[in-house]
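Numbering (the UniProt record's numbering), first residue to last: 1 to 553.
Check each hint, because a few of them may be wrong.
Computed spacing ranges between beta-carbons, pair by pair [claimed, not checked]:
#, residue 1, residue 2, range
1, A485, Y449, 39 to 49 Å
2, Q236, D297, 42 to 52 Å
3, D318, T455, 34 to 44 Å
4, R100, K152, 16 to 26 Å
5, F489, Q266, 21 to 31 Å
6, K479, K263, 22 to 32 Å
7, E442, G488, 48 to 58 Å
8, G488, R100, 55 to 65 Å
9, N313, T439, 21 to 31 Å
10, D318, R104, 18 to 28 Å
Derived lysine-lysine pairs resembling DSS-like cross-links, with alpha carbons at most 30 Å apart [as the list claims (entries may be wrong)]:
#, residue 1, residue 2
11, K349, K139
12, K253, K424
13, K416, K281
14, K349, K281
15, K459, K164
16, K211, K253
17, K479, K459
18, K324, K307
19, K364, K211
20, K349, K419
21, K349, K164
22, K364, K281
23, K364, K380
Hints are computed from structural coordinates only; laboratory data are not their basis.
Idealized CB from N, CA, C, for every residue including glycine.
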Amino acid sequence: MSLFTKIGQLAKQLFGKPAPAAETSAKSIGNKRSSSEANLGDANDKSNKKFNNKFNRNNKNNKAKPKKDKYKGKKTPFQGQARVYTPKEGVDPNAPKTPRLPKRKVAVLFGYCGAGYHGLQYNPPSHTIEAELYNAMVKAGAVSEDNAVDPKKSSLQRAARTDKGVHAGGNVISMKLIIEDPDIKDKINACLPEGVRVWNIQRVCNGFDSKNACSSRIYEYLLPTYALLGPNPDTQLYSDLHDKSKNGDLDYKDEESDEFFAKYQQMISENFTAEELQKIKNFEFIKPDDFDQQGSDVREVYQLVKKHKSLENSFRRDYRVSTKRLNYLRQVMSQYLGAHNFHNFTLGKDFKDPSAIRYMKNIKVSDPFVINNTEWVSIKIHGQSFMLHQIRKMISMATFIVRCGASKTLIHEAFKADKLNIPKAPALGLLLENPVYSTFNERLNSLGYESIDFTHFEKQMTDFKMRHIYDKIYAEEVKENVFYAFFGFVDALNKVVDSKSHENSDKTSCFQYFVTAKKRSEDAEDDVIYTDVKQLKKEDAATGAKTSRKSAD
Numbered sequence: 001m002s003l004f005t006k007i008g009q010l011a012k013q014l015f016g017k018p019a020p021a022a023e024t025s026a027k028s029i030g031n032k033r034s035s036s037e038a039n040l041g042d043a044n045d046k047s048n049k050k051f052n053n054k055f056n057r058n059n060k061n062n063k064a065k066p067k068k069d070k071y072k073g074k075k076t077p078f079q080g081q082a083r084v085y086t087p088k089e090g091v092d093p094n095a096p097k098t099p100r101l102p103k104r105k106v107a108v109l110f111g112y113c114g115a116g117y118h119g120l121q122y123n124p125p126s127h128t129i130e131a132e133l134y135n136a137m138v139k140a141g142a143v144s145e146d147n148a149v150d151p152k153k154s155s156l157q158r159a160a161r162t163d164k165g166v167h168a169g170g171n172v173i174s175m176k177l178i179i180e181d182p183d184i185k186d187k188i189n190a191c192l193p194e195g196v197r198v199w200n201i202q203r204v205c206n207g208f209d210s211k212n213a214c215s216s217r218i219y220e221y222l223l224p225t226y227a228l229l230g231p232n233p234d235t236q237l238y239s240d241l242h243d244k245s246k247n248g249d250l251d252y253k254d255e256e257s258d259e260f261f262a263k264y265q266q267m268i269s270e271n272f273t274a275e276e277l278q279k280i281k282n283f284e285f286i287k288p289d290d291f292d293q294q295g296s297d298v299r300e301v302y303q304l305v306k307k308h309k310s311l312e313n314s315f316r317r318d319y320r321v322s323t324k325r326l327n328y329l330r331q332v333m334s335q336y337l338g339a340h341n342f343h344n345f346t347l348g349k350d351f352k353d354p355s356a357i358r359y360m361k362n363i364k365v366s367d368p369f370v371i372n373n374t375e376w377v378s379i380k381i382h383g384q385s386f387m388l389h390q391i392r393k394m395i396s397m398a399t400f401i402v403r404c405g406a407s408k409t410l411i412h413e414a415f416k417a418d419k420l421n422i423p424k425a426p427a428l429g430l431l432l433e434n435p436v437y438s439t440f441n442e443r444l445n446s447l448g449y450e451s452i453d454f455t456h457f458e459k460q461m462t463d464f465k466m467r468h469i470y471d472k473i474y475a476e477e478v479k480e481n482v483f484y485a486f487f488g489f490v491d492a493l494n495k496v497v498d499s500k501s502h503e504n505s506d507k508t509s510c511f512q513y514f515v516t517a518k519k520r521s522e523d524a525e526d527d528v529i530y531t532d533v534k535q536l537k538k539e540d541a542a543t544g545a546k547t548s549r550k551s552a553d
């Protein structure tokens, strides 16, 4: 009973009639309530009706297609029978189960000779370094048999990927291993070939990723100094450099190279007659299987060709680079220092792509050293990250600038938007020195873990590189003349055509710049630019260079 009704009854008892105000109020409120409820009900009905119509319309338009029954009209595999679980093939069901040992997140520091392998990355059925390493870990008990097939189950990640035939004195992979055995490193090495060695296995925090945590990488490139000689007088590039109609009346001179080739021609003329040289020039290659079927005249010319090639190789390896030419190589290489757009030094990168900007921290060209009567120099490049083929193209560009007597500032032309077709230097001389974890080591130390530092294993790594990497490079060059063949091919064609990637389709040959560049003598006396550790720290602090850029090379 409402308050107004009670008031009305009380007034009726007292005065004999209901209170007019109370009665009116009760009726009006009741009427308002009933009318509002009716209006609300009508609105709800309209809203529901509108929603239902829209819902039905959408259902007609978006009617879900019934799923196909792949067993329609067929008997399902387990129809009418219970599922039966059988043990794996070759596994004794009654044999006691191997206890599951805990896995720990670790960083594996290792080195390898890439000869005979299809690169580093695990890629079955190809024979790769990671496959070799992972199989050894399984045999040594660092990886359980259950995870033996798939390295992803061990969370394997590499710091730097290397291509086919590329070596590494030091590299890092992060993964989860069973390391309860204190001799696990020696057991893994016992299962590895001599060309692959593990330097250390150390605990790291669970958040460690060998690729993303890497601050920078150091690569080394071994270059025979005869590669710095100018082009052979018999080649197209030599003719273009001396053709004033092509080089803007530039009087190209390279006295050091001219003197070398003059002595070479004198040596050849002393050992062969003009008639013999013509026979050598006209000689066509004979397959070893067809050699016995040839006549005595062909065999005689073949022996002349072998003698000519032997004298040529021997004379070329006797070359010793001058201090002036070597210093100029150092000046040219120093132009790469700092942050630049390296879109011309890789494949498939546009000038506007921000990932093409890479930061080179330090570059050092060693003094020459002689191995097997061939003089070499070591070029070490310390960069934040690298792209595919970047280092090989950097070496090639710098070498051709020295060989053609071009200005060192030509390097900066390659950083601009114009596309250049820069040939790749041979992969034979390239090796990864080691990744650097300067930033992440601070975090590891704060958490009580050991720093990732290759200097602790420097002696072991040096011995390994001398026996399994450097010796392979030197022997391969002596046997195959890799660098001589590369520069001879490019000099002869004065262009590079990559049939797979069609690099030359929309790019300008870099030699167009070489033959029109300024004379080297104009800037040969400039100081050699280097950066030391203190200067690098200042540059990092000033530019705020990030260390999270991903690597592609």
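Can you list which hints this structure breaks, lowest number first?
-> Violated hints: 2, 9, 10, 11, 13, 14, 16, 18, 22; rest satisfied.
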